[in-house]
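All chains should be built: construct the whole structure from the sequences, respecting the hints.
Using UniProt numbering, the first residue of the sequence shown is number 1, and each one after it goes up by one.
The set of hints was computed from the structure by calculation and includes no laboratory data. There could be a bad hint or two in this list.
For lysine-lysine, the following DSSO-like pairs were computed, each having C-alpha atoms within a straight-line distance of at most 30 Å [what the hints assert, rightly or not]:
| # | residue 1 | residue 2 |
| --- | --- | --- |
| 1 | K126 | K334 |
| 2 | K126 | K343 |
| 3 | K353 | K126 |
| 4 | K40 | K8 |
| 5 | K188 | K291 |
| 6 | K291 | K267 |
| 7 | K353 | K334 |
| 8 | K40 | K126 |
| 9 | K267 | K353 |
| 10 | K353 | K313 |
| 11 | K136 | K334 |
| 12 | K136 | K126 |
| 13 | K353 | K291 |
| 14 | K267 | K313 |
| 15 | K8 | K267 |
| 16 | K313 | K78 |
| 17 | K8 | K353 |
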Amino acid sequence: MTDQHPVKQCDPHAGYHAWWVEIDAAVIETLQRDRYLMGKELRLFEQEFSQWQECEHTVGVANGTDALLLSLMALDIKPGSAVLTPSMTAVATVNAIVRSGAIPVFVDVNEETGTICPHSLEETLKRLRRRSFGLKPAAMVVVHLYGLAAEMSRLCVLSEEYSLPIIEDAAQAHGARYRDKRVGTFGKLAAFSFYPTKNLAALGDAGAVTTDDLRLAERVRALRQYGWDEQRQSHEVGVNSRLDELQATILRIKLRHINQETRRRRKIAQHYNHALLSTSIEPMEVLANSKPVYHQYVVRTPQRESLRQHLEKQQIQTAVHYPLAVHQHPVYQKRYDQLLHQKLIEPLVRTEKLAEQVLSLPMYPQLSDGEIERVTHACREWSTLRGGTEQGSTEK
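Structural data, given as structure tokens:
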């Protein structure tokens with residue numbers, strides 16, 4: 001290999017540079033106006049994102065964490081009630097639940113996909129129903145991790161059976177599909193993040209709530225701005241969480257190109273999939289009848305640090321999403337231990353195993369074919385040095 005510049009794991013600047021002419025022109029035009037909050041650009045972005053997302057309503061907010069918080073608030077989740085969610089997720093998911101006053105109840109994941117396990121969810125709901133600790137389930141937050149769709153058919157059945165509304169955390173899954181339906185259109189509401197590394201990326205913090213329910217959309221619109229009505233009278237306590245005009249402008253440009261960029265992500269993933277077939281490195285699995293968008297391309301190996309160091313020597317950057325599951329963070333560990341002690345949840349064995357094994361390879365649309373080949377060559381080389389496919393075939 002002669003090309004030895006570093007291969008970045010992700011590159012937000014490349015996402016800007018790809019469309020900088022359009023972005024700069026649009027931003028300059030927005031700057032010439034006299035309104036920088038709650039104006040034309042936000043209104044147009046909300047309309048355009050709704051059309052693209054195949055939903056009825058989009059409400060732009062300041063960031064993805066607020067999108068989750070506002071979704072919980074709109075559903076009137078009461079303080080002290082239980083919200084079920086996986087621990088294999090970004091801390092933001094659980095942070096929003098705690099900020100709402102609810103209690104996060106952690107559910108294990110499927111080891112192969114990293115997404116919430118319907119069986120574990122059902123067993124936890126049964127435990128909550130049997131025990132008399134006054135912890136009443138109020139909602140579930142389903143995370144579409146890494147851009148892979150969760151098993152929504154079974155989750156929707158459980159939602160109906162237990163009268164438990166679903167909020168979809170689609171922060172990593174812009175455009176993913178499950179059974180030919182957009183991820184983010186199965187639950188009552190969905191939360192999106194447009195953080196600079198996301199598939200649809202702003203150049204700062206930004207987020208949105210989507211829903212098909214007009215009443216919930218209007219509630220979120222009021223809650224994002226102090227609980228105001230059209231006369232700026234507060235009928236309830238809201239927050240200050242507005243998507244500004246500049247970020248809305250940038251997102252409108254990026255939205256025009258997201259389908260193209262998603263096709264590129266899928267092509268990169270196909271190349272990785274094919275190259276890793278003969279190795280002991282296992283990619284996260286994709287559910288049948290689903291179409292992922294590969295926010296991250298994540299692999300599993302018990303020798304993660306060895307692989308990571310090998311790639312680093314080849315100037316190939318990687319990341320770990322996530323080295324700690326949320327329940328392993330000090331601030332949430334006590335909550336997890338209490339739930340275990342009360343026998344309200346099962347130990348998160350698969351979650352903790354994944355946290356020790358996952359590694360994110362370089363994944364963003366602007367990766368060159370040469371860079372992709374460098375990554376796959378280095379992975380195959382490492383696997384050969386570690387003994388080929390023997391480890392992988394043993395585990396399977």
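Okay, the hints, checked on the actual structure:
no., hint, verdict
1, K126 <-> K334, "holds, 22 Å"
2, K126 <-> K343, "holds, 11 Å"
3, K353 <-> K126, "holds, 24 Å"
4, K40 <-> K8, "violated, 36 Å"
5, K188 <-> K291, "holds, 21 Å"
6, K291 <-> K267, "holds, 12 Å"
7, K353 <-> K334, "holds, 20 Å"
8, K40 <-> K126, "violated, 48 Å"
9, K267 <-> K353, "holds, 29 Å"
10, K353 <-> K313, "holds, 26 Å"
11, K136 <-> K334, "holds, 19 Å"
12, K136 <-> K126, "holds, 11 Å"
13, K353 <-> K291, "holds, 25 Å"
14, K267 <-> K313, "holds, 26 Å"
15, K8 <-> K267, "holds, 18 Å"
16, K313 <-> K78, "violated, 51 Å"
17, K8 <-> K353, "holds, 26 Å"
Hints 4, 8, 16, counting from the list given before, are not met by this structure.
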